[in-house]
Each structure stands twice: as C-alpha cells, then as structure tokens.
Amino acid sequence: MMKKIISTLKFIPILILSVKLAVAATLPNDLVWQTNTTSLEWGSADAQKGGLLRLNISSFPPTLRTVGPDSNNSFRSFLLDNQMSLVDMHPNSGEVIPMLASHWAYDKDGKTVYYKIKKNARWSDGLPVTADDFLFALEFNRSKDIVAPWYNKHFSEEITDVVKFDSHTLAIVGARIKPKKDLHYYYSLQPRAKHFHKLNQQWVSAFNWKIEPNTGPYKITKIRKGKSIKFKRKFDWWAQDEQFIRNRFNVDNVLIKVVRDPNTAFKYFERGELDVFNLTLPKLWHEKANGPMFQKGFIHKLSFYNQVEQGASGLFLNLDNQLLQDINVRKAIAHGLNFDKIIQQLLRNDYQRLPRFHTGYGKYSNDKVNPLGFDLKQAGAYLDAAGWNNKDQRGIRVKDKNRLSFTISYGNKLHEPQIIVLAEEAKKAGIELKPQYLESTSFYKNVIEKKHDIAWLGWSTGFRPAYWQHFHSDNAHKPQTNNVTNLSDAIIDRLINQYRESSKEQERILLAQELESKIAAQVVFIPSTMVPFTRSGFWRWLKLPENIATKSSQSLFNPFHPTQGGLFWIDAKSKIDSLSAKRSGKGFKTSTIINSDFKVIAP
Amino acid sequence: MHVSSIQRQERPQGPWQKFKRLKRGYFSFVFLCLLILTSCFAELLFNSKAIMVQYQGELYWPIFSSTLEGKQFGLEYEYETNYRQLKKMWAEDNNDPSNFVLLPLVPFNATEVDLEDGFYPPQPPSALSQHYLGTDTIGRDVLVRLVYGFRIAIFFAITLLIVEYFFGVLVGCFMGFLGGAFDLFFQRIIEIWSNIPFLYIVMIMSSLITPGFWSLVFIMALFGWMSMTWYMRSASYKEANRDYVLAAKMMGASNFRIIYKHIIPNSISTIITFIPFSVAGGITALTALDFLSFGLPAPAPSWGELLRQGVDNLDSPWIISSVVISLSFVLMLVTFIGEAIREVFDPKHKIYYE
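Residue numbers (my numbering), protein chains in the order written: chain A, 1 to 603; chain B, 1 to 354.
Derived from the structure by calculation, the hints contain no laboratory data. For every residue, glycine included, the Cβ atom is placed at its ideal position computed from N, Cα and C. Keep in mind that a hint or two might mislead.
Said to hold, decoys possible - Quick list of simulated restraints, FRET-style, between CB atoms: (1) Glu69(B) <-> Asp340(A): 17 to 25 Å; (2) Gly74(B) <-> Lys589(A): 51 to 59 Å; (3) Arg24(B) <-> Asp261(A): 38 to 46 Å; (4) Asp261(A) <-> Phe155(B): 28 to 36 Å; (5) Leu414(A) <-> Leu44(B): 29 to 37 Å; (6) Glu158(A) <-> Glu43(B): 36 to 44 Å; (7) Ala288(B) <-> Asn152(A): 39 to 47 Å.
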C-alpha cells in the first residue's frame, strides 16, 4: 500500500510539467533563426579513414556512468566527448557553430534560447534525437536518483526550464540574463536518451556498466574489465558528412589500455604498443624521449603552442589567518617567492609564469595585470613597514613573539619540488613556509573548509571569468564555498554584482578587467606557472593536418572531442613501411617540431 | 669428569664477554654505535654552514651561532650567508689574506636545493661539485639526506622500541604473573587488536593529520606493543612459580616490586634478544611509510622518500643504489648484532650435566 502511494506521488510533478507544456508550447512569432555555414572548417581533406589508435589511461574507470558516485574520473571525458551539444564554439574563431541543432534564436528576455534539432540526428541505437530527450535530460539531472547533488543544484538553479514546441524544436530558459553568445555556454544541456534510462533508486547500481547511447562519432564495443576499453567508429554515423565534422574522426578503432605506472606506459610507447604519449613534463620531453626510436625517426616529437583559458593555479592566502590579514605581509610573501628560479632551474624554461587569476579569456583578460616578482629588498621593505623588524636565530622575522611562519598545504606530490624550492628561497626574505602534504581528498576538505594558511592549488577553467564564487563576500568565511581566500571587500563585491547582472558584452569586459586589477591588488592569490602548449610524441604513421591543431587544442591526439578532436589519421602504408623498417633495423629522419603559430609573446 | 674439564676450559663469563667473543656481532655493534654517534654530530660534518670563518681578524662559528647574514662578511645580502660562495670568492680574490672559511666535509644541508642554470637535477655523483653521491630530483645532496635520514630512522626505531617495550613488557608480565581473569581479558583484547590492519589505520590517520615524529611513534606503538606481550607473558608465567618469587611474595613485596625487581631481571634475555629485530622492524616500517608518502612530511630527509625517488627515476641509478646499499647495510649490521645476542643468551649454553 505504502509503495503505491509513493509511486503515485512521483507522477504528480511530471503531470504538472506536461500540463504546463500543453499551455506554453507556442513559439513567439518574432524569432530570428540563425545558423552558421560560413566559418572555416578545420578538418583536413587529405585524411584517410581506418586504422587503430592505442592510448593509455592510468586506472580502469570505476563506472561507465557520467554522473553519480565515482563518475568524476579521468575516463569520463572519453564518454562525454562522444555526447554532442546543441551548438558549440568554433575552436579557432570562437563563433557559434551548429552541432545537434541546425538553427538557434534568442528571446527578447535575454535568457532564453530556441533551438531546432537536426532531423537526421540519431542516437547510437538508431533512434532519432528529439526534444523529449532534452526534457528528460533536465528531469534526469534534477533527479535525486542519480545521486549527484551538484547536478541537482545546477540544473535546478541555473536552468529554469526546458520547453518543447514540437518533436524537434525546443527552448532552454536560463535563470539570469547573459550576453547572447554566453547563453549557449551557461545554459548548455546535453540530451539523455529517454528510451534508455529508467530513473529509480537502483539507477546508480543498475547503470554502472551499461553502455549509454550517444550522439558522437564512436561507441564502446568491447570492455575488458581492468584491462582495456575499445571504441569503434560508427560507419553510418548521422553527422559524418556534416559541415565542421567531415574529414574528422578518421580512425576506425580506439583502444584505451590501462597501464598503471607512467614509467611502464612510456616503455610500452617506445616499444610501439601505444601510438601516442603526452610529453608535457620537461623530464620526458628533454631526457626520456630521446631513445633509439626517437633518434631513428620512428617516433616524432611535436610541441604546439595553444591559446586556452589557463587554470588559476598558485598560492591562495587565507585572510582568516591573523598574520595574513596585513596586506604588507601578503605583498612581502609575493615578493619572496622565487618563481623565476623554479621555471629556469627546475622546469627548464618550458613553463611560464602565470600572470593573473584569469588568463587566456580573450578580451576578458586584463593583460596589464602582472604578478609581483621575486625581490628581497621589496619584501624586506614591506615587512619592515608591517613591524616585522626583528629576526630570530634562524633568520625568520619575528614580531611580538610571533614568528612569520605559515604552512603551505598541497595535495599533489608532483608539485612538491617546486614548493620546497620556494620555501628554501622564501627563508631569504625571513619568511618560513612549511610544506604540508595532505592526501588529495583531505587536502580538498581542508581548503574548502578554509582551515589552511596558504594553499597551493589550481582551479579548472570556465568559458568566462568567474568572480563571484572565488572573490565575493557571499562566499567568504563559510565552509564548502570556493572563496578560499576569504576575501570580502565592498568595492569588489559591488563590481562582481554588476558583472553578474550585466547582459552587455562590452560592459562585462570592462568590469572583468577592472575586477582583475582590483583583485590582484589585494594579493590574496599569488599565481604560479602555466603551460601554454601541448606536446606529444607519436609514431610516424600518425598524420596531422597542415595546421596541426586548433587554437584551443589541449591535446594533439584527442580522438573524440566535438570541436578539437579527431583531426589526425593513420597512414596505412606508412605503418607497413615503418614496421618493416623497424624489423630490418633501418631508420628515418629524426623529427622534432615546435609550432608557435598561436604562441602569445609575453609583454 | 669429562664434563668438568670442559667447564674449566670455559671460564665463567658474563654475557658481555661472551658477546665480545662473537666477532661478527661485536664488530657490527661497534660499527653501528660509531654510525649513530657520527650521525649525532652530523651538523659538524654535513652542513651548509661553515664550521669557522675568520673575517677581518675576527672569528665566527656559524654552526654554533644564530644565522649570520651576508652583510656580516661584506656581502650585499641580508639573508643567511652562502659559505660555499664566500669561500670561492675569497679564494679567487682575497684582499685580506687572513680571511678564511672552514667548511664541513660535505658543505650542504639536508633540505638545501643546489640548482644551477643548464644543469637539471638529479645530478650524478661528482667530487668536483662535492655531491659525492649525486643529487636527488630537486637538487638536494643524496649523501647528506642519507645521513640525516639515518639519524631520524634509527632514533625513530629506538624511541618506538622503548615505548612499545614499556607497555608490552608491563602488560605481558602482569598477564603472566596475575593470570586468571586479567590474563584472559587481555589475551582477547590483544587478539582483537592484532587483527586490525595496521597499515590501513596508519594511512587513514596520516591522511587526517599530518604526521610528525612523535605522532608516528604514537600511532605505530599503538599497534605494535602487542608482539612483546606474548613472550613476556610466558616468561613471567614460568618465573611466577619459582621459589624466589614465592619468597618475595611471602615477605610482602607488592606485585609491581616483584615484577620489576625479580621477574623482569630474570627474563631480561628474552627482551634483549628481541631488541635488534625490533630496531630493524622500526627502520623498515618508517621507510615503508615514507615510501608510500604516509610518513614524515616533506622536506624531512628520509630513506623511504629517497627510495621512492629512486624507483621513479631508475635512469638516475645513483639515487636508488645509494639508498638500497645503505638500507641493506644497516639492516645487516642490526641482524648480525641480533644473531650474536641470541647466541649469547642461547639456553643450550647454560645446561650443565652432572
């Protein structure tokens, strides 16, 4: 009996929704439908179809779901990249380009976008993609059954509604007014196959290993648990001749192998059991990637400068710490950090100093804002001004029995060398920085609860600068929010509010620039380094287009990404030649290319 | 007759005399003691600070004084003097020939990063750069980190041993001596406690708190005190029924007094025999935890951390070989000592035939 009541109750919200739809589902008459057929394509006409690409990941995914517990793993991007959005951004010009939708139109209210879904869009099981799949996607993302609180919150608070007009026309209604182009990003929604999912309390466990239908170029065909996952190209893929997609996604099969240890993975690569290997780490690029296979020209090396949003990584100073409340102390710390030494002597001049919190956001970035450099005299002057005039036995500054000492917490062992060098150098300024490694989850907890003095971390990037979550007083002095510096400043608050409420692009750009310099002046965030390029080693049978990659490419051999991925192909003849040359001990010309087409020259 | 002649040949000996005669164990012991003693004065031999500086006729003792800034010696900076540079500078261009710097044997400290443009760490061993065992991946001297790491490891093992044995011996003796409900109760407690997977607990604990020397001793002692209880229980169980214990009891000695004055001294051989093996255990446990990065926080010098670096950088063999050789060597010394002690207290030597 009880069960029945619950199940009837469950139907009520759906009923309400459908009633609402029946009333609201008429399109406004004054819509101006837009599309884009003029932007340049970036796939190469020389591309050949066929072949197998072998990649590696460090651990087998704990689930094939893309939401819910354990889903945020490194494998998820392979699945998500095979799910297309309604529209996307051109990887070179940033213009809106059609993907699942052929046309789009903006409502006068400034927060609604209408879309026409392409009639030929199909799920991997052959069924058409319809507006109902988007309605279902909203219901799905709001459902408690997927056990994903962030999704529940985001899709309830940010996207107010999805409205269906007919089977292939819909509108997405956002919560706030945004500039037109930004609406696509802030209120994007990927469809979920309505005919596939059954939402109930068992969803999380029942759909752990089910292969979800997708709209992208590849689908999973073989899973060897703990060992590998194989993707196969859809030979009758609906989008393969579409503009902006043709001549891409050329490889027939993509095998993703699990190799736990990076050193072992590199050995596999050198033996030709993996086709590509990321060589971003300086040690790999400069030292390890010089073996006989590289010398004989079997493996090529390619470094490609890109222009992507740079994650804000560096030191976050917690203003809840008494000593850090003094801006002179913060400035002294910034002047006491020798990033030049790290970049020159540890990172081999490959990396660059990150200039500010938001870098690589086009016009939104304020190029005039640069970090305070290593300068012991300045650091000393600021400390003197703040009353830290004396030094203790070890040369650390003291004031009223307080030592100028801070813990610097970090959650990734990879960064330890840099932190240790910084701490050693900071001693020269009379500042003690005590490295504190915390296992990544407890590090995250420590920071998000704001118990740190100084935290070494990086934030992922977004489409536009995001100030409210990181610097608004709404999020200061509260656990579980992203304002980890606890900055609360009335002027900055006011600017952030204006920035969030503005729907005019030019105004937002000016506000973003002003905010960037105001925030930098507070010295609560000290930027560390950035990697303005991507570089890989690859076996010579892999071919890339003439332009190599796009301005926003984060990887040269991404097999699936809707805009950056699938540019390469495998030259079957070259593979046969190479393998027979390898057997007979012959070689080819060594190849190391550094492409700087998109390199930003530092001011 | 025959037996007594043997007895005459073997003069009655104390355990120390017996131990001295077992050359392998004895020399291992002497050598290990020397190593520990040297490591206690490591600051004098392995340090970036100079032992002595003479500048403008005045003597300075940087190791024993507080930080001496560069301007003290006519340099421009206001942070700690780089004595290697100072020495080099004065060697090249010395206005005052009485100025000199006396550097320690290896002029680096354990956390100091020695980087140079164009030479990326790790650097191979070189007498010229005075990195006799090369540098690690951050550019710190491997030899110096080995020495300071040894000091931490050996004192960690000894401290751990004292704490563990104190509780282990106490509880064990009481179990054996008192018997009955107390014995039964603690037997069960220890059985349950021993079944808790120690490594997981340490991992969980050190992910919650940043472990330090004493907190690691505490955590490891918490799960390590049980091993001694069983041996001490059976030893005191046996002794409890001896006449001298009964006599002490009759004279009104308290339980504590009986255990500390009578039972423990009479079962000391059990304790001493286990000590070297516990020391070896302590060293390996700390090294293992550091290897898995659940041990002492960076930048503390540690063998486990060096081992980790060595494994990750097999193409820089000086890191892995230095630490593996040192670790095996120290463990070998400790094991030789342990074998010798066991030999000394071997009950077979105490049996006399009449």
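Now for the hints, and whether the structure bears them out:
no., hint, verdict
1, Glu69(B) <-> Asp340(A): 17 to 25 Å, "holds (22 Å)"
2, Gly74(B) <-> Lys589(A): 51 to 59 Å, "holds (57 Å)"
3, Arg24(B) <-> Asp261(A): 38 to 46 Å, "holds (40 Å)"
4, Asp261(A) <-> Phe155(B): 28 to 36 Å, "holds (33 Å)"
5, Leu414(A) <-> Leu44(B): 29 to 37 Å, "holds (36 Å)"
6, Glu158(A) <-> Glu43(B): 36 to 44 Å, "violated (60 Å)"
7, Ala288(B) <-> Asn152(A): 39 to 47 Å, "holds (43 Å)"
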